[in-house]
Every structure is written in C-alpha cells, then in structure tokens.
Amino acid sequence: MTDVALKSLTKSFGLVDVIKGVDLDIKSGEFCVFVGPSGCGKSTLLRIIAGLESATAGEIIIDGRDVSGAEPSERGIAMVFQSYALYPHLSVRDNIGFGLSLAKLPKAEIRTRVEAAAAILQLGPLLDRKPKALSGGQRQRVAIGRAMVRDPKVFLLDEPLSNLDAALRAQMRIELTDLHRRLGATMIYVTHDQVEAMTMADKIVVLNSGRIEQVGTPMELYNHPATPFVAGFIGSPKMNLFEGATAKAEGCTTYGIRPEHITLSRTGGKWQGTARHVEHLGADTIVYLKVEGMGELLARTTEDFPVAHGETLFASPIAGREFRFA
Amino acid sequence: MIRHGLTPRQRNIGIAATLVASVVFILPFVFIFFMAAKTKREAALFLFTWPSEWQLWSNLTEVVVFRDYMLLLAYFNSIIITVGAVTLLVLFGAMVGYILQRRPSGWNKLIYAGVLVGLMVPPAIVPTIWVLQGLGLFKTISGMILIQVAYGLSFAILLFRSFIATIPRDLDEAAIIDGAKPLQIFLRVILPLLRPVTVTLIVVQSIFIFNDFTNPLYYLPGKENVTVQLTLFNFQSQFQSQFNLLFMNILLVTIPPLIVFVFFNRQIVAGMTAGAVKG
Ligand SMILES: Nc1ncnc2c1ncn2[C@@H]1O[C@H](COP(=O)(O)OP(=O)(O)OP(=O)(O)O)[C@@H](O)[C@H]1O
Ligand SMILES: [Mg+2]
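These protein sequence lines map, in sequence, to chains A and B. Quick note on numbering that gives the first Met the number 0: the first sequence kicks off at 0 and runs consecutively. Quick note on numbering that gives the first Met the number 0: the second sequence kicks off at 0 and runs consecutively.
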C-alpha cells in the first residue's frame, strides 16, 4: 500500500526552479531518506509535503487523499525540525502536549498521552523542565515526542541529528530506527549525510539540484548506482571517478571503482603510482595514490598490507566491481 | 593572578559617581519631602532644613480633600489613561510588529513609511484638536487614550518588530504543524516570548504617560478631566502662599512612577537575561 505519493511536483521561488518535477511513491511504514548535497531541495521537498510551502504544480497524496490544498495540521503529518523548535516558555510536558491542547482534548487524556510518549523516549523525569535546561539529545527527544503524541501517519524529519556530536548521533540513529520499528509509521528523513542514509533507510531517494537521481534500497544504490552522481555520493570513502582519457581507454565517459574494490601489490598491477598520503583509520588504511596520467586514486587496505609514505605501488580493480557510465 | 575587589582608582571613581548621583537625584527628593512636612510659615522660608514641626499627615489630608477631592479624581483619570493607552500600545505594537516582520508584502514599505512619519513628524496641536472635535473625542478620556497611543505606537512597533526578528521562524511553523491558527500562534507562542520587551515598553510608556503634562493640557481641558500633573497647575495659584501643600502635592504625584520603576526594574533586568530564545 502506498502511503505518500508525489506526482510531478514542481516548486519555483520567483524565477528559480528549486524542485523540477518529482515523482515518488513511499510505502506505508517505510523509512525513506532524502539525501543529497546542500541546496539540492531536500528541505523544500519536505516542507511541501508538510504543507509549510505550497507546490507550484503537482499533487501530494497522503494515505490515498489529495492533500495539496489542505492545512498542515489536517495532513496527518508531524515534523521534527533541525533546530528542534521547542517553545522556550513551555515545560517539556506542555511542549509535547501543545498540539493536543490546541485540539481541545480533555486534560486527563492529554496527560496520559504525553506521559506515554515520554515513557517511550525516557523523558519521564524531565517533564517539568524548560527546554533551556535540557541537553541537545534530550531536546531532540522532546521534539520527537511532540511529533509522536499527534499519532501521525507520516513523520517528517529534517536533519534531526545534525546539531548533535558524533557519539550521540550514532546512538540516536539506533534509537530512531528502533522507534520506527516500534511505531510502524512512515518516516521521511532528510539528511546530507550518506552514512545516516545507508544505516537507517529502507529506501533512499538521492536528490540532485531539484531532481530525483535514483531511488532504491541502500544496497541497490551501493551495488548498482545509476549515475556517476549517485556512485560518488553513496559509499565512504568516495568512489574513484575518472573522465577523459582514462574513461575513454575503458570505453565509457565516466569510469568508477570503489576504494574497497582495489587490490594493492608491490610486484605488478594495472596502474602504478606513489603513495602521496596514508590515512590510518585503525582496522582500515586509506592510501592516496598518485597515478601518472590518471590523477589521484584512493585505495583501501588492511593492516596486513602496511604502506609507507612515498612508496611505489601497483593497484588493480577487482573484476566485476568496476562501473562504466556511458 | 586574579584580582578581587577594585583598585583604589576604581573605588574613588565609584564614590565620586555615587556622590554626584545622590546630589542630582536624591537631594531634590529629600528637599521635597522636608518641604511637604513643614508648616506653612516654615515652608515660606524656602530653606533646606529639618522641619521643626512635622505636619506630614495634616498636610496630606489637606491636599487630598482640597477642591472636592480633586487629587483623587486626577489619580483615577491618570490611571485610566495610562493603563488604557499602555494596554493598547502593547497589543497593537506587538501585532503590527509581528505581521510586519513575518509576512513580507507589498504593503510593508507603505506601512514602514507611515511608522517612520509617526516617529519623525512633530504633531500639530490645533489640527489634532479639530480632528478630535470632528470625531466627538475632544475633552474625553478615550480621546486622550487614543492620542497617547498614536504618539507611542511607532516606537512600540519598531521595538517589537526588531525583537520578533530574533525569534526563530521555526517556532511559528512548529505551531502551524501542531494545528495553531494565526491568532493562536501570536497569543500562545509569540506573545509570551515578548515578555522582556513588553516589560520595558510598559515601564517606559507608563511613566511617560502618567507624567505627561502638555498633552492633557491641550487635549483634555475641563475640571472633571484633570490628571495628576495638571493638579499642580490648577493648585499653583491657590498654593502660592502655602508651599508646604504644593510640595506635598508634588510628592504625591512623584511617588507612583517611582514605585513602578523600582518594582519593574528587577523585572527588566531579569527579563533581559532570561530572554535568550534560541536553542
Ligand atoms: N524562501 C526561499 N526563497 C528563495 N529561495 C529559496 C527559499 N528557500 C529555499 N530556497 C532555495 O532553494 C534551494 C533549495 O533549498 P533547500 O533548503 O531545500 O536545500 P537543502 O537541500 O535542504 O539544503 P541543506 O542540506 O543545506 O539544508 C536553495 O538553493 C535555496 O537557496
Ligand atoms: Mg535543508
């Protein structure tokens, strides 16, 4: 069953086309991630779905109903903002219950629903504090709680983790995935971090300057990128992409090979280069090879094959792992 | 090394500043207080001396009952005008400031021009009186309230507008998603966050309006319309030979703004430091 459908959606700000025709189906209960570089229109697309921005043309269908003209509060969505957007003058309890009190629900029901959400998010002891007195991760949870109590069909999250430090971000990734499994609601999640996209998504939508570049599961995008853009965006470290003479020699316009799909050798191989820079990440080592007539080539090795700075090495692609984009 | 306390130089400057401030602000007040407590004969000497005979209470009652309790009527009128005008100023200032800041439209330029004109162009008394007469508001308390609102509104709008600019727009949008209507966003999200600037405006404007002498003099003639500052004017001739009563009157007129200021001063400071909205 489809939960959210976008049909030839476009959006212009004055003369600038920001969204240039987007068609997308998101299934009920799916964790869908919009990913793309800064300024590609991810937030705008999310805000159009939320109803905070009106589309220039196209349809938005949520749960089988065309909501293009509907108020945000009537769309069955809830949104978590990058800045959290908690009401500073209200306690955590009133922040979470704000929407319910606007809907004029009885006090007792608001109380039970707020406390149920707080229990899931481990916010119980913090209910009477003001947002000022919370840590970043706790504010994040309050923002999610405020979305949860509305019992929405679709959660919209705009870079919710980008204000947190690395360790907390990793923890919240897991918590959010757990929460998604527990609630079973559809979630649309915007990020420019491909690691978040790979680790959390059921479905990744790669956006590039207002257009959908490719849609697929994380592994589909990793193994079968449709365009050089997707190939370069998904996976870390970035895929090696070559155009010009190197690509011509391979019979294509763009040739790509991932660093983890290169084998290094001291005796012989396809390309010869010198190790310009070596990055030790612990289990892995990233080698930046300077290859004559080709440019820079990244390769990943393990500690079994120690590389010294300035060493001359041979690199070869693993067969069947190369990408040739026409 | 961390130095605690002040250097001798800093301390001397501090003492000097305190002395100057007390001479400028406190001595006149003490003088008024002494004069208000003296007998008629002693006050006529006009000396800065300790009253030889304390007559504070009898002077007080005499001023209050004077001319059919005119002073009480004046207090009543002044408070009505001040409270009414300040309430409208806060409400309209915040609403107009909010719309100007949040909803850019073609009209904004025109509205800004109006606001700036209101700030810069000095009011012309006689035409204003014509307008008031035309509207049937001349010599009425409500007319006086509207005059004070008109004089203060430009400043209030600009003050609120610049403060609202520091409130993240995400808050409005979060409230929209939560199902708030525009008026609810304003009343339940924006207005509570405007507290620091609202307190400032209330203090500044209420002291100004309560102490206003010229505008009530022009626009609110008539015995039944007297305001506290005008009682001085009205009593002056009668109190010419009774300076103790005149100074008692001055004392009574000065105290309310002083109380407002002392009381709200803490609130202003507390409001300013607690006003951090972001994050
Ligand atoms: N209100 C607006 N008026 C004009 N242009 C806008 C407006 N909002 C966004 N844009 C433009 O639309 C484009 C897409 O913006 P958007 O915020 O959707 O990017 P994004 O993908 O979310 O980027 P980021 O990862 O930096 O958040 C940008 O080029 C931006 O300048
Ligand atoms: Mg964005």
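Accuracy of the hints is not assured; some may be wrong.
[Said to hold, decoys possible] Here are the simulated DSSO-like cross-link-like pairs (lysine-lysine), alpha carbons at most 30 angstroms apart as the crow flies:
| no. | chain 1 | residue 1 | chain 2 | residue 2 |
| --- | --- | --- | --- | --- |
| 1 | A | K106 | B | K180 |
| 2 | A | K26 | A | K247 |
| 3 | B | K180 | A | K131 |
[What the hints assert, rightly or not] Stretch-level coverage of chain B by chain A, calculated; a stretch enters the list once three of its residues show a Cβ under 8 angstroms from a Cβ in chain A:
| no. | segment |
| --- | --- |
| 4 | 50-56 |
| 5 | 163-170 |
Since the hints were made in silico from the structure, they are not lab data. For glycine and all other residues, C-beta sits at the position ideal for the given N, C-alpha and C.
Verification of the hints:
1. K106/A x K180/B: holds (20 angstroms)
2. K26/A x K247/A: With Cα atoms ~41 angstroms apart, K26/A and K247/A exceed 30 angstroms; violated.
3. K180/B x K131/A: holds (26 angstroms)
4. 50-56: violated (count 0)
5. 163-170: Since 3 is at least three, the answer is holds.
The earlier numbered hints that this structure contradicts are 2 and 4.
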